[in-house]
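Required output: the full structure, derived from the provided sequences and hints.
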Amino acid sequence: MAQAFFGGIHPNDMKAATNKKPIEKLPPPAQVVIPMSLHIGAPCKPCVAKGDLVTVGQQVGEATAFVSAPIHASVSGKVVAVEPRIHFNGVPVMSVVIENDFNDTPCPEAVPPEDPDSLTVEQLTDLIRKAGIVGMGGATFPASVKISSGIGKVDTVIVNAAECEPYITSDHRYMLEYPEEIIGGVKLLAKIFGVDKVHIAVEANKQNAAELLRLKVQEEQAPAVVDVLHTRYPQGAEKQLCQSITGRQVPPGGLPAAIGCAVFNVVTTAAIYRAVYLGKPVTHRVVTVSGSGVNNPKNLLCPIGTPIRELLDACDGVKKETFKILMGGPMMGHAQYDMEAPIGKGTNAILAFAADEERTEEYPACIRCGKCISVCPMHLQPVFMYQYERAGKLEELEKANVLDCIECGACTYICPGRLHLVQTFRAGKQKINNARAAAKAAAEAAAKAAAEKKEA
Amino acid sequence: MDYRDLNLTGSSSPHIRSKDGTAHLMGEVMLALLPALAFGVFNFGLKALVNAAVSVVACCAFEWLYRKAMKKNNTVGDLSAAVTGMLIAFVCPVTIPYWILVIGDFFAIVVVKQLFGGIGKNFLNPALAARAFMLSWAGAMTTWAVPRTSVPLWGAADVATGATPMYMLHENNLAGLMEQYSLKDMFIGLIGGSMGEVSALCLILGGLFLLYRKVITWCIPVSYIGTVAVLTFLFPRGNDPVTWMLYNLLGGGLMLGAFFMATDYVTSPVSKRGQAIFGVGCGLITVFIRYFGSYSEGVCYAILLMNLTVWLIDRNIKPARFGVVKAGKSKEKEAAAK
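The listed protein sequences correspond, in order, to chains A and B.
Just so we're aligned, residue 1 is where the first sequence starts under this note's numbering, counting upward by one.
Just so we're aligned, residue 1 is where the second sequence starts under this note's numbering, counting upward by one.
Any given hint might turn out to be false.
Unchecked claim - Output of the computed footprint for chain B on chain A, the stretches with three or more beta carbons under 8 Å from beta carbons of chain B:
id	stretch
1	242 to 255
2	330 to 344
3	353 to 364
4	368 to 375
5	378 to 391
6	415 to 423
The set of hints was computed from the structure by calculation and includes no laboratory data.
Yeah, the Cβ is synthetic: ideal placement off N, Cα and C, and Gly gets one too.
Below you can see the structure in the form of C-alpha cells.
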C-alpha cells in the first residue's frame, strides 16, 4: 500500500449505480456543437467554414499557442454554423456546429504512422499534440505541454486511475473494457520519459480493475506497477496523488514536475495509445450519467460536442424534482442550467440530483469544530481563512496560504455548520489576484511615468 | 423531455455535503449523556431527571426568547442550547432548587453565549461559566446527597448529605475515603457528588461513543486525563501512588470535564496539536487547584481558564505548509539517502 496524504473525506462513493454497466454507445446525435475551448490555454481558431463537409477526426479548430490543443470533428457531416454557442462554463464560446450525416466517414488523414514503434520522443510528442490530447480527468491541460515541459525533470510517471469523485465510473469502465489501450499508453509514457516503471494508481474501490491491469501488465511485460490506494477523496488530486505515490510534496505554486512527477489520467493514457497506434485524435469520450435524478444511469460513449440533452435522453430523462444538473463530479463539477451545452474532452460525468444531496442551511454558523482543518489535504486552516475573507482581511487571508487551496471542497463537505467555505476561498483568491494585478499595473505605470519624466 | 421545465439551481462546487450537521452532532452528544443521566436517576431519584428536563427546557426557552427579541434567526434547532442545559443539570448537586438552576441557564445562554453572538462566538464554556456563577449560592451548590437516596422533587431539607470524595481527598483523608467508597463504587458512581459527574463508567461509555462516532477526537480527553494521571501518580499524598491516582481520576468532574466539557468545539482549539496542549493545560491547572486551592475541585476552573488561552494556542499552532519541507528535515532525508 502506498503512502498517504493528510486529511481527506470518505463520502459515499455512489458508484454502484453504474460500475457494473458496460459502456454503451450513445445513439448518434443529429447535431454536435464543438466549442473552440476544450482545454486549459488559448482557445482554438476555427479552420472550417459554414457549408464545409467534415469527416470524423478532421481538424476543425487549430491551436493558436503553445499551451493549446487542436480540436477535431466528432461526427461526419456538414458545418451549419461557426458562431458563439453556450459552453459548459456558462457563457457563449465560438463553436463549430456540425449536422450529422450519420455515416461516420473517417478522416483520410487520421491514419496511424507506418512504424509507430520506431518513433522518436519528439515525433511522439508531436503526434500527441496533433491528436488534441488533454487531461481527460477534467483538468484538460494539454498532454503534449506536460510532456515537453516534464522531460528531463521527471523520474516518476503516474497514471491517475483513482477516480476519487463519487458517482463517476467512466474511468473504471474504461479500464475494464479497454485495458490494452491503457497498457499501450503506459508503454509509450515509459518510453517518452525514460522511466522503467510507470505507476498506475487505482483506488481500492476498483479492485477488479486493478487486478485486470496487473494481469495485463504481467502478460505484456509492461514497464508498470499497479498501486492500490485508499479510497479517500481527493486521492486523485494531482498533488495528493504524487504524495501518495512518492511521499513528496509539490511546493506552493509549483507543478508536479518540480518534484519529478508527471501525472496522466488513465483515459488520457489510452488516448495517447490511440493517437500513436491507431492515428485517432480525441473525438469521443465515456461519460457517466448518474445521480438520484437520472431515471436510468449509464456509462455512455459520446462524440465530443454532444449536447447534454442527448445524454439525458439516452438515460430515459430525469425526474421532474431534479434541482441540479452537473458536469463533472459532485465535489468539483460545474452546475449547468442549459442542457444544450455540449460535453467536452474533460467531461467524465453528467449528474442530476433530485434528493437531499445539497443540505444547505439558511443561516450557516461556524461552531469551530476544526473538522475543516482535519480534512484539508493542503494543510490549510479553512476556519480562519473564512473569517479573514468575511472580514475583508486580504493580507491575513494571503498569509493563511489561501492561494494553496486546490478547491477540492473537502472542508465544505464536512462542515457541520454548512459554511460556504470553498466558495468563499474562490472569491478570496480572486480578490488577492486582482489586488496583485492592480499593484503590478500601478507599479508599471509609475515606472513608465518615471521613465518619461527622465526622458523629458 | 423538455429540460427547460426543470427548476435548476446554479451554484459553485461542492454540490454534496455530509449528513452530519450541527444538530446531528449535538444530538449525538445528548445521546452520549444519557447513560450518565440514567445513572443520576438511579443514584438520586427522579429529581435528577426533572432537573435535566427543567434545565434543557429553560436553556432552549432563553435561546428562543433572546433570538426572537433581537430579531435574529431561531437557533434552538441546532440543539446546542439543549446540550448546555443538560450539562448545567449535570454539574449541579441534585438537591439544587429549580430557581437557581434556571438562573444558571439564563446566565449560560444569554450572558455567556448570546451576548457574544450566539453559537460559535462565546469564548467560555457556557455550562461551566454558569456553574462558576451559580457558586454564588455556595450552600445550595455544595449540598451533596449521599448515594442511593431518593431526593424529593420539592424541598430537600431532610435529605441525608455527606462529603464528596473530592472533599475528602482535599482534606488528605484518603484512608477515610477508601473506607467509605471502594474503587469500584468510585468507578460505577455509587458516590456523592454532582448529579451527572458521579459515574465514571457511564461517562466513559458516553465518551467512547463520541469518539467512535468521530464527534470528538481523542486529543483532549487523553491529554487531559493523562496529565492528571501522571501528576497525581508522581506526587501522591500518602504512600500509595496508584490508589491516590485512581481516586483522583474517578472523583470529581474529571470524566465529565475531559469528555464533554473540554471537548466543547467552540471553546477549545481547532487543531489537534492545539487540543493536546489545551488538554495538558487543563490537567495541570486541575491538579494545581486540587492540591493547592481552597476549593476541593479544579476541573471547572481549569477548563474555564484554558478557554481563555484558546486564541493564543490557535494563533501559534499552525500546520506545516504543504510542499515546504523544514530545512532540518530535508537534511535528514539527504543524510538518509547517502
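Problem - Non-conforming hints, listed in increasing numerical order - result: none
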